[in-house]
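Engineer: Here are the chains, one letter per residue:
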Amino acid sequence: MTLNTFKSVFFSALFMATSFGGYASENQENENDKEFNAKEMIMHHVKDAHEFHILDWNGKPISIALPIILWTDQGLVTFMSSEFHHDDSGSHIVEKDGLRFVKYHEKIYQLDANAQAVAFDAEHHPTNASKPADFSITKNVFMMWVSVIVLLLVFISTARVYKKSSTKIPTGIAGFMEPLIVFVRDEIAKPMIGDHKYKKYMPYLLTVFFFIWLNNIFGLIPIVNGANVSGNIAFTLTLAVFTFLVTNFSGNKNYWKHIFWMPGVPVPMKIFLMPIEIVGMFVKPISLMIRLFANITAGHIIILALMSLIFIFETTWVSPVSVAFSLFIGLIEIVVVAIQAYIFTVLSALYIGMATEEAHH
Amino acid sequence: MTITGIAAIGAGLAAIGAGMGIGRIGGSAMDAMARQPEIQGKIQTSALILAAFVEAVALFGVVAALIV
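Which chain is which? The protein sequence lines are D and P, in order. At position 358 of the first sequence the residue is numbered 358 (the UniProt record's numbering), and the sequence of numbers has no breaks. At position 1 of the second sequence the residue is numbered 1 (the UniProt record's numbering), and the sequence of numbers has no breaks.
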């Protein structure tokens with residue numbers, strides 16, 4: 001590692017750690033009358049939200065308002081999340097088209113006539129309100145679009161370099177991207193899928209690799225770290241479903257034969273193996289989903305929990321320890337985000353390779 | 001003991017299992033690399049993949065503990 005790379009890694013990690021501290025202290029200031037609740041703060045941070053909260057300044061929250069799109073009985077209702085005035089306790093009522101909405105713990109409820117606040121029964125079902133279908137552009141969706149735009153810009157300009165140059169020598173941004181793309185081809189696609197068939201799956205693998213990696217990196221940047229995109233189970237579920245579909249649609253005769261009628265074993269064993277193989281077919285994408293979700297969420301929780309220590313012990317003397325430890329964890333996280341993107345891509349390629357493998361005999 | 005306490009112990013046990021598993025993978029990978037440095041890259045790749053498999057089991061435990 002050269003001195004320069006070390007410097008940039010070190011300072012970005014330092015910046016990250018200090019900003020996490022800043023965030024936590026703002027939270028504390030705002031809730032001076034209440035006791036500091038680490039679990040609440042962390043969960044608020046890790047979950048999706050209807051507005052993009054950046055920080056609290058002098059007790060006033062600074063945030064980006066995002067559109068709320070609801071499908072109710074009377075059709076589509078849209079308004080900006082700023083109309084809730086940062087209220088998340090269900091006390092501020094927004095009236096639109098004769099319908100009344102409240103936001104309670106990041107869920108939007110449509111109040112019945114005469115109801116002033118949402119009430120719940122023992123099983124946490126609302127008694128005087130209903131839940132409209134929520135298609136809002138939330139924080140995570142917003143961040144995902146940002147990363148899509150970044151990826152498009154990077155890859156379109158990379159492609160343009162190759163189009164223009166007559167020598168095919170990568171210059172500019174292509175010089176940065178080429179080793180990464182070649183890495184995915186030579187270290188992931190070729191060994192896992194095979195030299196003859198890998199080309200068809202390269203677009204999928206490259207997309208998955210760079211999309212996960214970029215979203216993981218965005219999760220580490222302090223200002224936008226509220227957007228825990230790749231630590232959202234719905235996001236990882238969607239990616240895992242894509243891998244499941246690609247694997248099973250590219251599965252050949254050999255693959256299905258191994259699932260339903262395992263060759264080379266006696267008949268009772270064939271019958272015994274069939275349900276196991278069918279379950280295995282679904283467990284593979286489920287483990288992909290859980291792995292990415294849990295790794296990224298755990299990283300966020302650890303850094304925030306270390307910072308919460310200062311407020312739990314209520315002394316500044318703990319802060320050198322928690323800053324040092326979260327710096328350390330932050331450095332590890334820089335490696336982890338790349339490894340998780342790599343693991344997801346490698347395992348997707350491995351499953352595709354297993355599905356397209358030819359019979360050995 | 002509350003159900004949350006039991007869940008926390010379960011998560012800890014899952015972490016012990018994963019620690020033992022990843023430790024064995026790491027140790028054996030180091031042995032193999034010392035014996036045959038020329039296939040270091042291949043060993044590293046398979047060690048990472050295997051570590052991911054072991055880790056997934058621990059993460060199932062953590063998620064189960066979180067849900068409880």
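Treat the hints loosely; a few may be bogus.
Stated by the list, open to error - One side of the interface only, derived from the structure: several residues of chain D facing chain P at Cβ under 10 Å:
#, residue
1, A122
2, H124
3, S287
What the hints assert, rightly or not - Here are a few chain P residues that sit away from chain D, every Cβ distance over 10 Å (derived from the structure):
#, residue
4, I3
5, G23
6, P37
7, L48
8, I49
Simulated from the structure, these hints should not be mistaken for laboratory data. The beta carbon of each residue, even a glycine, is placed where N, CA and C say it ideally should be.
Engineer: The structure should be examined with respect to each hint, and the outcome stated for every one.
Structural biologist: These are the hints, each one checked on the structure:
1. A122: violated, 18 Å
2. H124: violated, 15 Å
3. S287: holds, 5 Å
4. I3: Holds, because the least Cβ-Cβ distance between P/I3 and chain D comes to about 16 Å, which exceeds 10 Å.
5. G23: With a cut-off of 10 Å, P/G23 remains clear of chain D, as the shortest Cβ separation is near 17 Å.
6. P37: Its Cβ never comes within 10 Å of chain D, the nearest being 18 Å, so this holds.
7. L48: Not fine: 7 Å to the nearest Cβ puts P/L48 too close to chain D.
8. I49: P/I49 not clear of chain D: closest Cβ-Cβ about 6 Å, inside 10 Å.
The structure fails hints 1, 2, 7 and 8 (numbered hints given earlier, in ascending order).
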